[in-house]
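**Q** Sequence:
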Amino acid sequence: MKKVLFGLMALAIGMFSSCSNDEIPVDAAEAPVTDAVTITVDPSTFYTGYDYDDTWHSVPRIAEAYRTFNSESGKYIQVRTYIYDKNTEELVDSVVNYVTTTNPITTSLNLMKGEYYAITTVNFADQISSNGAWWHVYDRGKLSTAKLYPRNRNSKWSILSQSTESFSVVRGQHATLNTVPAPLGTLVYMYCQNFQYKDEATYGTIADNGIREISL
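Sequential numbering from 23 applies to the sequence shown in our numbering.
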């Protein structure tokens, strides 16, 4: 009987010793790929994409006005990249930087094997905070539901640039992305001149059609 008890005790000690010392094996094929992709974002066109002469407001170069506004007003430029799985459309990772210049920004990410989209947005921000950016991506958990909304309606200063790239993560290989976000949309200035209701008397040779002139 004593031999049986000693045998059971030895077995129990061996089991606890095994549990405390042995590492749980990890299948390398299922682990994320280290430095799977290096993404370099060049936001240099954030200003220059809108470079034109605003003769109405006597601003000779809009791009220079943006640069001056950013530096003198203490604003940041938010550069954010979202990584979406192509097959599931799920957001799997993101990286954000707040900068004061338009110099290139480089970041490396660890990702699982697969096919991905890298979607980058560039916009102004009041502060280094998710609540500071003037544009925000809502419902970003899935690519099909993601929507861009202006968070700060500051007239012509709420410019936005965007780019979309696709890439693959393969074990044993390294993906490299170089992206230059371009302006999303355009700037429009509109004013109405001599606005007139239909019931008002008409003066001059312009017909009383409700609006005497619209200028763009």
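It should be emphasised that the hints constitute simulated quantities derived from the structure, not laboratory data. It is possible that part of the hints are untrue.
DSS-like cross-link-like pairs, simulated, lysine-lysine; straight-line CA separation at most 30 angstroms [as the list claims (entries may be wrong)]: (1) Lys97 <-> Lys169; (2) Lys135 <-> Lys97; (3) Lys164 <-> Lys135; (4) Lys108 <-> Lys178.
Using C-beta positions, here's what the derived DEER-type ranges look like [what the hints assert, rightly or not]: (5) Thr70 <-> Ser116: 20 to 28 angstroms; (6) Lys164 <-> Ser95: 17 to 25 angstroms; (7) Thr128 <-> Ser166: 48 to 56 angstroms; (8) Arg89 <-> Ser166: 31 to 39 angstroms; (9) Arg83 <-> Asn109: 17 to 25 angstroms; (10) Thr110 <-> Thr56: 19 to 27 angstroms; (11) Thr129 <-> Asn174: 32 to 40 angstroms; (12) Asn153 <-> Thr128: 48 to 56 angstroms; (13) Ser66 <-> Glu94: 18 to 26 angstroms; (14) Gly194 <-> Phe91: 32 to 40 angstroms.
Every residue gets a Cβ at the ideal spot worked out from N, C-alpha and C, and that includes glycine.
**Q** Going through the numbered hints above, which ones does this structure break? Give me the numbers in ascending order.
**A** Of the numbered hints given earlier, those the structure breaks are 2, 4, 6, 7, 9, 11, 12, 14, listed in rising order.
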